[in-house]
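**Q** Here are the chains, one letter per residue:
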Amino acid sequence: MDHFEIRMKDVIVPSMPESNIDFYARSGEITTIIGENGAGKTTLAKTLAGIITKTSGEILINDTSIDIHSISSARRHGIYMLQESLHIFPEKHIMDNLLLGIEPLIFHNRLFNPPKEKKEAVCRSMLKLLGLDLDIYQMIDHLSQGEKCLLQIGRILLCQPRILIMDEFSASLTEYEARRIINVLNVLKEDGICIILISHKYSSVIRHSDRIAVVHKGQITETFALRELGKQEFIRRLLTFNQDFFYPKLKHKPGKNLLTVKHISSGILRDISFSLQEGEILGIAGLVGSGRTTLIQAICKERSIRSGEIIYHPLLERSGAISVLPNESIQDLLFQDKNISFNITSSNVYKASRFHMLSHQKLDIYARDYMDRLSIRKASCHIPVTQLSQGEQQKVLIARALHQNSKLYILDEPSSNLDMTTKSELYNIYNALLSRGNSIILISSDFSELLGMCDRILLLKSGEQLGIYPADSIDNNIIYNLIDKWGNQNEKADSI
Amino acid sequence: MFKAERIQRIKEIIFERKQIDVSTLSTLLNVTEVTIRNDLEQLEKSGFLTRWHGGATLNSDLYPEQSIPGAQAAFPDISFDKEKDEIGQIAAKLVEEREWIFLGPGTTSYYIAKSLSKRQNLNIMTNNFYVSYVLGGNPSINLQFLGGKLDHSGMYTIPDDLQSHLEHIYLNKSFFSVDAVSIDGGYTLSDVTVLEIIKTMKAHCSETILCVDSKKFAQRAFMKLGDLTFAPSVITNSQVPQEYHEYYLKHGIRVFTSYDLNLLNL
Chain A
2 MDHFEIRMKD VIVPSMPESN IDFYARSGEI TTIIGENGAG KTTLAKTLAG IITKTSGEIL
62 INDTSIDIHS ISSARRHGIY MLQESLHIFP EKHIMDNLLL GIEPLIFHNR LFNPPKEKKE
122 AVCRSMLKLL GLDLDIYQMI DHLSQGEKCL LQIGRILLCQ PRILIMDEFS ASLTEYEARR
182 IINVLNVLKE DGICIILISH KYSSVIRHSD RIAVVHKGQI TETFALRELG KQEFIRRLLT
242 FNQDFFYPKL KHKPGKNLLT VKHISSGILR DISFSLQEGE ILGIAGLVGS GRTTLIQAIC
302 KERSIRSGEI IYHPLLERSG AISVLPNESI QDLLFQDKNI SFNITSSNVY KASRFHMLSH
362 QKLDIYARDY MDRLSIRKAS CHIPVTQLSQ GEQQKVLIAR ALHQNSKLYI LDEPSSNLDM
422 TTKSELYNIY NALLSRGNSI ILISSDFSEL LGMCDRILLL KSGEQLGIYP ADSIDNNIIY
482 NLIDKWGNQN EKADSI
Chain B
333 MFKAERIQRI KEIIFERKQI DVSTLSTLLN VTEVTIRNDL EQLEKSGFLT RWHGGATLNS
393 DLYPEQSIPG AQAAFPDISF DKEKDEIGQI AAKLVEEREW IFLGPGTTSY YIAKSLSKRQ
453 NLNIMTNNFY VSYVLGGNPS INLQFLGGKL DHSGMYTIPD DLQSHLEHIY LNKSFFSVDA
513 VSIDGGYTLS DVTVLEIIKT MKAHCSETIL CVDSKKFAQR AFMKLGDLTF APSVITNSQV
573 PQEYHEYYLK HGIRVFTSYD LNLLNL
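So the sequence lines, in the order shown, correspond to chains A and B. When we follow our numbering, the leftmost residue of the first sequence carries the number 2, and every step to the right adds one. When we follow our numbering, the leftmost residue of the second sequence carries the number 333, and every step to the right adds one.
Bound-form chain A, shown alone (with noise of 0.2 Å):
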């Protein structure tokens, strides 16, 4: 493919009309804008997507201008996103995912199906491309996360793009899944395809770009590059955004036993035992395929054992004493189209109810008495959930299990793909929660994370327990060479 240059020239877009962005990036190179939650960083991606109009500058390939004003005139320039939540077909198969919609493009046989081999042909090379083992006639529903991507990504590659463009792809990833398509992403872009990728300052992303731009209040402040500053320099540029988090850990005094699990065996886990107390934050490091949700699943009885037994404290046995904040898009866990009062208060309504009346004002009430102390800094608790940023989402989710006044609160990856800010205020949360005596099960593959803020660390590798460590007495270097050996491989890329 050619080598191309592409450019925002004074581009100004409705939602931020003070600001005009100038960006800049090339083919065979991977660009990363990174910057704060609401800095205009998806804005300005989804501007050259087509998916916002901009109502000034130009936009240039080459120098020369192009037209930009909707998707399809994006797309006929080559420009394709991947935007931050999955968009599939679901109850249907690989090769569908793959190919709806988009025959005409690959075989330009616009009137007839094109024949079944040379479609199975298409997509199994694009399978071996993308470095999936997997049967083109597998549904797509029981695929990772990360494999879902790979085929979104696969399927935008079918269209042979010349930019590529994905928001925060690594939000709902596992560090493993986000590596394995960086791996893809640098093949790509030695084919001289440009890939801007869209991150937070802290992601791992930015370790595998070859330039950075930073977006604050809508503009770009600062750009830099690999190539023009050296390898050396650019590290230590991209090495002040990644200081390391202090992380806020307070000793909780532990008190009841509140759950005993001995030796249980389900699924694919195998002789799991370990015990919770009030007060207590227990971390569980583990790849995906670890066995991690069936763990949940089995503590939430969703899920039989085979062996072993759960003993759960009295207080545990109320419904509503466990509260599980899945590793699921929070789109999914939220009541899309209603506001926050009404996602807030729906996991007890009794408690603003009497004689089986509900009174709208209670529950109002309520909600803006959550929003307060979780700092929702928001003017009503009318406005839909949708207008919340992903940190005020998740404080929602805390605050239902608030409301239903839960024991046991189990985190699955909370803050992956949260900013500095935030994380700290949900670490202080946390905090609150278990000097009330609550406990909470965090599961994460952010190991600082656990290391930072758990009392003890569960160690699960495909579903057998490696070992459970205090926190104090294990470091990072630990967690992974125990956890795989990739660990090891990967350490060049990772010691940036």
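Don't read these hints as lab results, they were simulated from the structure. A few of these clues could be false.
[Said to hold, decoys possible] These stretches of chain A come out as covered by chain B in the derived footprint (C-beta under 8 Å, 3 or more residues):
#1 246-257
#2 422-436
[As the list claims (entries may be wrong)] Cross-link-like lysine to any residue pairs, in silico, SDA-like; alpha carbons within 20 Å at most:
#3 A:252 with B:564
#4 A:252 with B:585
#5 A:352 with B:337
#6 B:582 with B:559
#7 A:379 with B:363
#8 B:582 with A:223
#9 B:350 with A:471
#10 B:343 with A:238
#11 A:379 with B:573
#12 A:379 with B:472
#13 B:534 with B:570
#14 A:363 with B:344
#15 B:425 with A:223
#16 A:252 with B:593
#17 A:352 with B:421
#18 A:379 with B:593
#19 B:425 with A:125
#20 A:254 with B:591
#21 A:363 with B:340
#22 A:218 with B:534
#23 A:379 with B:570
#24 B:505 with A:247
#25 B:425 with B:559
#26 B:335 with A:362
#27 A:254 with B:354
#28 B:582 with A:471
#29 B:425 with B:564
#30 B:582 with A:238
#31 A:363 with B:364
#32 A:252 with B:586
#33 A:254 with B:573
#34 A:363 with B:362
#35 A:254 with B:447
#36 A:363 with B:354
#37 A:218 with A:16
#38 B:547 with B:410
Positions of the beta carbon are idealized from the N, C-alpha and C atoms, including for glycine.
With chain A's structure known, arrange chain B on it following the hints.
**A** Quick look at chain B alone, frame taken from chain A:
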């Protein structure tokens, strides 16, 4: 909402939260601040609460102060401050057994001492009379009091020659509060002697922890203690302004914020 019902609600809310500001009440109940002020005035007359600028506190005789066996009850002159109370609880969690702790001047230290008063095997050094008042009743706490000239307004002593006092002494953690914080101005104090005490103690301490309740942000006092990076850990409330929280984190400062999760029950 009718007035009688609203006053009932305000009573319930203040009873649960002990202290609240007018703007929060007005958003909670969805009425204007003027209305809230009138209601609070009425409640103050009836002796239910005490108003202060921008808010109100439940009168302390209406709720039983947790009686601490072996220790003294609340210091008579100090009016209840919920934010400082929360900070005190967090600070107490940072204190480990057998460590040497310094509690500096100010009422925040009083609240830290209050949270510590039931603990055992603590070593505490202070020049604050409030602290000695609270902890003096607990014989399992080893208390060192620094003598000197009394500052009447703050109830603390000004040691004559602190430097030589501390010559061979090392402490694990010290807790101080400041009068005002701003991003450009750093930490500022209005009292020169307190500033000297903090500076001297810092050199003898492995960790200095500043306790700043959220009312003190974006303000300036008389003398500068240091930049916002002066202490590696800060304890504050959840209402800390976002830009300060962000500034702290960007400069590698650990931020503890209190969240009050004792929820409403209407």
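**Q** Now look at each hint and say whether the structure bears it out.
**A** Right, here's what the structure says about each hint:
1. 246-257: This one holds; 7 residues, not fewer than the three required, reach chain B with a Cβ under 8 Å.
2. 422-436: Answer holds; 9 residues pass the 8 Å Cβ test.
3. A:252 with B:564: Judged against 20 Å, a Cα distance of about 18 Å means the pair holds.
4. A:252 with B:585: holds, 18 Å
5. A:352 with B:337: holds, 18 Å
6. B:582 with B:559: Satisfied, since the Cα-Cα distance of roughly 14 Å is no more than 20 Å.
7. A:379 with B:363: holds, 16 Å
8. B:582 with A:223: holds, 17 Å
9. B:350 with A:471: violated, 38 Å
10. B:343 with A:238: Violated, at roughly 55 Å.
11. A:379 with B:573: holds, 14 Å
12. A:379 with B:472: violated, 47 Å
13. B:534 with B:570: This hinted pair is violated, its Cα atoms lying about 26 Å apart.
14. A:363 with B:344: holds, 12 Å
15. B:425 with A:223: violated, 41 Å
16. A:252 with B:593: Roughly 18 Å separates the two Cα atoms, so the pair holds.
17. A:352 with B:421: violated, 29 Å
18. A:379 with B:593: holds, 19 Å
19. B:425 with A:125: violated, 58 Å
20. A:254 with B:591: holds, 18 Å
21. A:363 with B:340: Between residue 363 of chain A and residue 340 of chain B the Cα gap is close to 13 Å, so the pair holds against 20 Å.
22. A:218 with B:534: Roughly 38 Å separates the two Cα atoms, so the pair is violated.
23. A:379 with B:570: holds, 15 Å
24. B:505 with A:247: Holds. Residue 505 of chain B to residue 247 of chain A sits at ~17 Å (cutoff 20 Å).
25. B:425 with B:559: violated, 26 Å
26. B:335 with A:362: holds, 15 Å
27. A:254 with B:354: It is violated: about 35 Å lies between the C-alpha atoms, which goes past 20 Å.
28. B:582 with A:471: violated, 28 Å
29. B:425 with B:564: Given that 20 Å is the threshold and the Cα spacing comes to 17 Å, the pair holds.
30. B:582 with A:238: Given that 20 Å is the threshold and the Cα spacing comes to 15 Å, the pair holds.
31. A:363 with B:364: Cα-Cα ~18 Å, so holds.
32. A:252 with B:586: holds, 15 Å
33. A:254 with B:573: Cα-Cα ~30 Å, so violated.
34. A:363 with B:362: With a Cα-Cα distance of about 11 Å, the restraint between residue 363 of chain A and residue 362 of chain B holds, given a limit of 20 Å.
35. A:254 with B:447: holds, 13 Å
36. A:363 with B:354: It holds: about 19 Å lies between the C-alpha atoms, which stays within 20 Å.
37. A:218 with A:16: Satisfied, since the Cα-Cα distance of roughly 11 Å is no more than 20 Å.
38. B:547 with B:410: holds, 17 Å
When the structure is compared with the earlier hints, violations turn up for hints 9, 10, 12, 13, 15, 17, 19, 22, 25, 27, 28 and 33 and for no others.
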